[in-house]
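> Chain residues, written in single-letter form:
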Amino acid sequence: MVESSIIAIPESLVPFFPFLRGILGLALIGAIFVGAMGAVWIERKLAGDIQRRYGPIRVGKFGLLQLVADAIKLFTKEDIIPRNADKLLFKNAPIFMMSSVFLMLVAIPVGAVFIDGVEYPLAVTEMDISVLYIEAMSAISIFGIFMMAYGSNNKYSLLGAFRNFARMVGYEVPLGISMIAVVVMTGSLNIVEISQAQGLHWNIFLQPLGAIVFFIALMADMGRLPFDQNESEEELVAGWVTEYSGMRFGLGFFAEYIHMILGSFLVALLFLGGWNVPTFISDHAVLGLIAPTGFLLLKTALVLCTIVMLRWAVPRYRIDQVVDLSWKRLLPLSLINLVWAVGLGLYLGA
Amino acid sequence: MEEFVGSDEMILHLGPQHPMQPGPFRLNLKLKGETVVDADLEIGFIHKGIEKILENRTYLQGITIVDRICYLVALSNEECFVGCVEKLAGIEVPERSQYIRVIMGELTRIQSHLLGMGEFGEFIGFVSMFMYTIKEREEILSLIDMVTGARITHAYLRFGGVREDLPEGFKEKALPVLNSLKKTIDDYEEMFHTDSIYRERTVGVGTLTADSAKALGVSGPALRATGVDFDIRKAEPYLVYNDLDFKVCTETAGDIFARIQVRLNEIRESIYILEQCLDQIPSGPLFPENTPYGRRTPVMRVPAGEVFHRVEDPRGEMGMYMISDGSDKPYRVKVRGPFFPTLQALPPLIIGTTVADVAAISGSMDGCTSEADR
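So the protein lines, in turn, are chains A and B.
Our numbering puts the first residue of the first sequence at 66, with every later residue one more than the last.
Our numbering puts the first residue of the second sequence at 25, with every later residue one more than the last.
Just so you know, the hints here were simulated from the structure itself, not pulled from any lab data.
From the three backbone atoms N, C-alpha and C, an ideal C-beta is built for every residue, glycine too.
Treat the hints with care, since some could be wrong.
[What the hints assert, rightly or not] The list that follows gives simulated cross-link-like pairs (lysine to any residue, SDA-like), each with its CA atoms no further than 20 angstroms apart: (1) A:K220 <-> B:G39; (2) B:K56 <-> A:K393; (3) B:K353 <-> B:L84; (4) B:K111 <-> B:R319; (5) B:K56 <-> A:V388; (6) A:K220 <-> B:R319; (7) A:K393 <-> B:K111; (8) B:K111 <-> B:N314.
[Unchecked claim] Far from chain B, by Cβ distances over 12 angstroms, these chain A residues were calculated: (9) R117; (10) G252; (11) L254; (12) H266; (13) V302; (14) L390.
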């Protein structure tokens with residue numbers, strides 16, 4: 066099963082492969098924008114539910130067009146660049162941020178189709194070290210935040226940028242180690258293979274501790290509450306985006322949401338069994354085409370909703386507490402999980 | 025603050041316009057990284073000259089002016105102003121009016137505490153808290169609206185009584201609201217006690233000692249959270265507080281957690297007071313009989329003299345010193361608001377903490393800059 070994605074491609078399709086992947090990539094970019102807008106809508110609706118109010122209801126059915134209205138507003142707003150800003154950084158940082166999340170996107174399989182029982186993962190690229198690559202790109206997008214904040218030449222933004230780095234240094238370590246634990250068990254750095262290898266034995270059951278550490282570290286990585294110290298509207302006046310307006314702000318904002326969606330995909334792929342379905346579904350002519358992708362999207366949406374709801378249910382940590390939490394609690398836990406994963410891997414492998 | 029800034033330090037001006045503030049004031053912070061090494065407070069951005077305006081208005085007009093000292097606690101400001109005039113003119117307020125005033129005062133306390141807690145929640149990043157408490161506050165405001173006809177600036181109290189009687193069915197409307205509020209307060213308490221992030225952000229942060237609180241003149245929940253058992257309603261009872269059963273809520277820690285806990289308990293006590301008032305309220309006239317005082321008091325002259333009257337505002341001790349020269353306008357009114365001293369306690373508290381705690385500590389004081397500047 067592990068080899069199927071790489072080897073079992075019909076010979077006649079091979080020349081079209083780069084072309085197909087290109088189309089998939091373009092479609093994904095479009096879909097992820099729609100997805101990000103959907104995530105914003107879900108966030109507002111869930112926030113409304115949690116806070117005993119409606120959320121958007123005025124624009125379109127269920128307020129669905131609210132995001133379109135917001136996008137029009139962002140596009141037509143004046144693009145203000147502060148006089149003392151570092152123009153090069155200020156102008157290009159949102160683009161940098163957006164590119165880095167798209168670079169993350171290319172390595173993430175967003176589903177799979179089964180044609181005659183043969184599995185074709187829907188990934189733009191399939192590289193052997195995709196887990197490492199995704200982790201690297203995720204870290205680079207944080208540099209985008211730093212560039213935005215530093216280029217603004219604003220003291221609030223600067224504080225936000227410092228917090229961002231303090232947090233990143235703390236959280237990339239447990240995040241990486243809990244990823245490595247999964248990699249060790251599977252014996253592959255390829256996210257497609259990790260996802261396939263789980264079958265119906267999801268990693269969250271095999272490594273519950275690792276899943277929890279990964280989820281918390283991912284929240285910190287994405288800068289979601291309780292870990293949004295770089296933004297902290299109340300004390301730092303939105304921190305890294307204080308000086309931004311119009312579509313430059315919009316790009317940064319959307320990049321954050323896309324990052325969040327991709328993070329949810331990672332949780333679903335690494336710990337929640339990816340797109341794996343029982344064979345009677347994948348062998349089915351029609352269900353095999355849609356069910357695996359559908360399942361993956363469903364899992365991703367559940368993770369996304371959890372992340373979103375957590376934001377409205379908890380207060381924010383102070384930055385020193387965040388660093389404490391990372392080094393004193395999450396890092397030891399992730400190491401314990403690594404040892405556990407190695408032992409379990411040896412036991413299962415034997 | 026020293027002008028010298030080291031190479032690893034920077035000056036950050038928080039305010040006068042900043043999301044964490046209850047009104048415009050400025051905190052000049054000297055930061056070393058995230059740590060506040062020096063802090064300096066500037067106020068006066070919203071000075072409205074209320075005291076001077078009061079000298080140029082008749083006593084009746086003054087009631088609408090004191091509403092604007094801080095609209096959140098308008099009824100408590102009115103109580104203080106009207107109380108001064110009543111002391112000077114020797115007006116005896118009928119018992120029914122006294123009870124109505126207590127009811128309105130306690131409703132004001134509840135809604136002010138609710139808003140204060142909600143805002144504080146927002147300052148530590150818990151935005152939902154604001155949305156929760158604002159709903160309960162809205163129900164309390166509707167009760168106040170039923171009686172006074174306005175949500176925030178009421179001009180409801182009159183010399184010797186109140187403008188309107190309680191409307192028909194007020195008790196029947198108020199009791200369910202208060203009962204559901206009791207449950208909600210229990211929920212909030214459980215939330216505060218069990219949420220580990222909330223505890224980490226509040227326990228042991230911004231600890232005010234009883235001595236420094238007394239030295240600075242801090243009053244209200246911030247003082248009671250340090251363990252000082254001081255409440256004007258007990259220490260110098262006005263209206264019918266002597267006949268009512270309630271206790272002064274104190275905590276000993278003096279930190280943010282204790283201040284919020286005091287507010288929660290005070291809301292409970294206020295509900296208890298309200299229930300007693302609604303049960304015991306006697307029928308009778310609103311204004312003293314056979315006197316010129318009434319709903320539309322004609323131009324009244326107050327006998328010459330000096331008086332100081334204080335009431336327990338939701339934020340602390342609200343006092344007014346009034347001098348009358350026998351004319352229809354006060355000669356001088358000095359307002360002693362509770363937030364001015366509390367604000368002075370802020371800079372020493374925030375030195376040594378981090379920027380994030382500045383928002384939390386200043387939010388937990390639950391002030392109103394408008395009232396500090398007047």
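> If a hint holds in the structure, say so; if it does not, say that too.
Here is how each hint holds up against the structure:
| no. | hint | in the structure |
| --- | --- | --- |
| 1 | A:K220 <-> B:G39 | holds (13 angstroms) |
| 2 | B:K56 <-> A:K393 | violated (24 angstroms) |
| 3 | B:K353 <-> B:L84 | holds (9 angstroms) |
| 4 | B:K111 <-> B:R319 | holds (19 angstroms) |
| 5 | B:K56 <-> A:V388 | holds (18 angstroms) |
| 6 | A:K220 <-> B:R319 | violated (55 angstroms) |
| 7 | A:K393 <-> B:K111 | violated (63 angstroms) |
| 8 | B:K111 <-> B:N314 | holds (18 angstroms) |
| 9 | R117 | violated (6 angstroms) |
| 10 | G252 | holds (37 angstroms) |
| 11 | L254 | holds (35 angstroms) |
| 12 | H266 | holds (32 angstroms) |
| 13 | V302 | violated (6 angstroms) |
| 14 | L390 | violated (9 angstroms) |
Hints 2, 6, 7, 9, 13 and 14, counting from the list given before, are not met by this structure.
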